[in-house]
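Colleague: Listed below are the residues making up each chain.
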Amino acid sequence: MTKLFSSIKAKKITLLFLFFVASISTAYGWFLFVPVITNYGRMLATYFPTFFTFGVPLFSFFMLWMYWHTYNVANRHRILKIYSITLVVLMGLCIPFHILSIGLSFGWNGIYGVLTPLFPYDVLVKMVLYLTIGIFILTYVIRNGDLALVPLTVKNPLRRRAFVAMGFVSAFTSYFFGAFFEVFFIFDTFDSNWYGMVPAILLFLLPLVSFILFVFYRHQKDETTKQKVYFYSLVSMMLSTLVLLLWVLIAVLINPYLFPQSLSNFYMLGYAAKMPIGFFLIIIMLFVEYLISFLRYRKRYLMKKDEK
Amino acid sequence: MKPIRLTILGILTPLLLGCSSSAGSYPLDLPAEDYITTLEINDIDDFTICVFNDLHISVLTNLTDEIAYYEKCLISNGGILPSLIVLNGDSFMGATKSQIERFFDWIDSKNIPFAYVYGNHDLQGTYSSTFIDEMVKSCEHSVLLNSLNDNVFGDSNYVLNIEEIGTPNTLKWQLYFYDSNTYYGVDYDVIHEDQIAWYEKQQQALEDTGTPDIPSLTFMHIPTEEFEEAYDIIGQNVTSGYDGTDTESLWYMGESISWGYQETDFYETMQEHGNNKAIIVGHDHVNLTDWHYDKDGDSLDNMMHLIFGLKTGRGIYHDTRIMGASFYTLKDSNEFDIKWMNVPYEDDAFEITPEYLVGLGEGAIS
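So the protein lines, in turn, are chains A and B. Just so we're on the same page, my numbering is the position in the first sequence counted from 1, plus 1152. Every letter in the second sequence is one number past the one before it in my numbering, and letter 349, counting from 1, is 330.
One or more of the hints may lead you astray.
[Unchecked claim] Calculated lysine to any residue pairs in the SDA-like style (CA-CA distance at most 20 Å, straight line):
1) A/Lys1426 x B/Ser239
2) B/Lys78 x A/Tyr1264
3) B/Lys78 x A/Leu1421
4) B/Lys258 x B/Asp168
5) B/Lys118 x A/Phe1342
6) A/Lys1426 x B/Gly166
7) A/Lys1426 x B/Asp168
8) B/Lys118 x A/Tyr1180
9) A/Lys1426 x B/Lys312
10) A/Lys1426 x B/Thr107
11) B/Lys312 x B/Met284
12) B/Lys78 x A/Lys1426
Source of the hints: derived by calculation from the structure; they are not laboratory data.
Take the sequences, apply the hints, and build the full model.
Modeller: Right under this line is the structure:
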C-alpha cells in the first residue's frame, strides 16, 4: 500500500478520484439538505446522521491531502489519529441514531427510498464502511503509538493558513463541481433553452479549474515559469468568466425566463426566496478570488521591494 | 489561422449560436379545440371537484405516510370520492424521480380523473423540465393537455368540458387550468398576455358553437392582484371575517398575498365574458378565502369568487388549523358549493365553518 502511493502520479489520481466522489456527495447532500431548510428544520433530527455521512468523503479528501502535504512523521501520525477518531466517534453515534430515528419515523422495516434509492440501508452500509475504515486506521495509530514521539525535523513548507484555506476552497469547489453533474439528471430530453443553460452550467466548473490552476502554480519550481503560470491562469480565468457571463446575459435577454424555466433545479434554495442566489454567489466568489489573485500578483511580481 | 484569431472565433461561435437560437418563441398556433378534453357524466349536480394545493413533496416526504393522508383527504367529504381531483400547483419541490413516479402511480390507481396544474416550485428537483409532463401524460386518468411547442406561455393551459350524457350531450361547465408560471426577475410571474388571448380564443370558440353562456371555474397556482384588492376593499386588511350582510365574503389571512410582479388584464377579460365564476388558487399556504369580488362596479352582478384553497399536507410551512382538502360541487344552476375540509393527520376530518375560520383571526361576523 505504502509502495503503491509512493508515486506522485498515484497520489494525484487518488486525490482526484476522492475529490470527484466528495463533490458528488457534497452536492447531493446539499440537495437533500435544502428541503430541511425550507421545512424549517423538520426531520433534521431524523436525517442528520445521513447528512454527516454525505460529508465524510469531503472530510476524507481534505485529511488525505493534508496527510500527503505533511512531512513530519509525528504530525502525520496526529492527522491519522484525528481522522480515525473523528470517523469512529461520528459513525459510532450516527449508526445507532440512524437506526433509531429512522425506525421511529418510518417504522422498523422496509426500504423507504426517501433520500437515496435504498434508503435507509444504503446509507447504513456507507456508515458501517466509514466506521470500519475508522477502526482500521485507529488500530494502526494505536499499534504505532511510538510514531508520535518522532522528533520534528522538517519545517513544513505549507503554512497553517494554507491548510485552512484549502478546507474552505475545497468545500465550495466540490459543491459547485458536484452540482455540475446534476446536468446528467436534467438533460434527459432536449431543452429549447440549451443555448443559455450551457454557459450557466459551465460556470459551475470554473471554481474547479481555478483550483487546479492554483495547485499547478504551487507545484512549479522555477520562479519565471511560476510567474507565467500565475499571469496566464489569472487572465484566462477572468476572460472565461466574462465570456460565460456575457453569454448568459445574451441568453437571458433572448429569454428572460431562462433561469426559472430550465435552471431552477440548480438553485433550489435561492428559488425558495424567488431568485437564483447560487448564481450570484458563484460570480461573487470568482471575482473576489480574481481580485485577491490580482493584488497578490501585483505585490509579488509588479511592485518593487520598497513599494511592498 | 493565428491562435489568437482561433480563440476569438471559438469564443464567438457559441455566442452567435446563442443569438441565432429560435428558443423562446413558440411557433404553433393551435386551434381552440386542441386544448379541450371532455368528461361525460350522468348528472352535473353530483359533480364534485377535490382540490389539493401545495403538497410540496420533497426528498423529506415519507410517501407511505403522506399517501395515507391524501387518501384520508379524498374521502373527507362524507366518505364520497370526488368526480375529479385537481392538483393545483406546487405538488413537488425538491423531489426525486422515483417519488414523482410513485405519487402518480398512486393517483392513477384511484380511477378518478385528475387535472395537473404547475406551480412555481414543481420543476425544482433532480429531473428535466419535461419529466413531470411525461409522467402526467402517461397516466390513464390524467386530463392534462399540454402542447410543448405552442404559442401559449406555460405548461398547463387547457380546458376540461363537463358534459351531461344525453342525445346529444349537453355542455354544462368548463374548467380552465392555467400555468401561472414561476418567476420574473426577483418576483413571481403573472398570467401572460398570450394566455389571456388564449382564453379569449376559447371563449370565442364557445360562442361559435352557439352556447356562449357556459359557466366556468379557473384553477391556477399564483393569485392575481384582485386578491389583494379584495382584501383591501372587502376585508379592510382585518385578518379574518365573514361579511354575511353584504358580499358574503369569508376569509382568514395568515400571511400577505404573494401575487405577481405586475397587474394584468386577466380578471377584466374574464369579467367581460361573464362566464367565469371563480379563480381558485393556492400558493399562500395559510390564507383561506372566498372573496365575492366585483371589480367593475359596486353591485355584485358580475361577481367572481376569489378563492385561496386549503393547503394539503405538511410540506413546508403550514397551519394545521387550515390544512386539508377543498371540495367544489357544481350545480345545474350555474352556481357551485364550497366545502373546506380540515383533515388532521391523527384526528377526524371536520368541515371549516365561517365561525371556525373567523375565530382564527381578529375579525368578526357581520
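Colleague: Next, verify each hint and record whether it holds.
Modeller: Structure-based check of each hint:
1. Restraint check for A/Lys1426 and B/Ser239: satisfied, since their Cα atoms lie roughly 11 Å apart, inside the 20 Å limit.
2. Distance hint between B/Lys78 and A/Tyr1264 is fulfilled; the C-alpha atoms sit about 14 Å from each other, no more than 20 Å.
3. A C-alpha spacing of about 19 Å is found between B/Lys78 and A/Leu1421, which places the hinted pair at or below 20 Å, so the restraint holds.
4. The suggested pairing of B/Lys258 with B/Asp168 is violated, with an alpha-carbon distance near 28 Å, which exceeds 20 Å.
5. Restraint check for B/Lys118 and A/Phe1342: satisfied, since their Cα atoms lie roughly 18 Å apart, inside the 20 Å limit.
6. A distance of roughly 8 Å separates the Cα atoms of A/Lys1426 and B/Gly166; the hinted pair therefore holds under the 20 Å criterion.
7. At roughly 6 Å between alpha-carbon atoms, A/Lys1426 and B/Asp168 fall within 20 Å of each other, so this suggested pair holds.
8. Among the hinted pairs, B/Lys118 with A/Tyr1180 is inconsistent with the structure: their alpha-carbon atoms are about 29 Å apart, more than 20 Å.
9. Distance hint between A/Lys1426 and B/Lys312 is unfulfilled; the C-alpha atoms sit about 39 Å from each other, more than 20 Å.
10. Distance restraint check for A/Lys1426 and B/Thr107: the Cα-Cα separation of roughly 19 Å lies within the 20 Å cut-off, and the hinted pair is therefore satisfied.
11. Taking the CA atoms of B/Lys312 and B/Met284, the gap is about 17 Å. The hint holds against a cut of 20 Å.
12. For the hint pairing B/Lys78 with A/Lys1426, the CA-to-CA distance comes to about 23 Å; that exceeds 20 Å, so the pair is violated.
Figure legend: structure checked against the earlier numbered hints; hints not met, in rising order: 4, 8, 9, 12.
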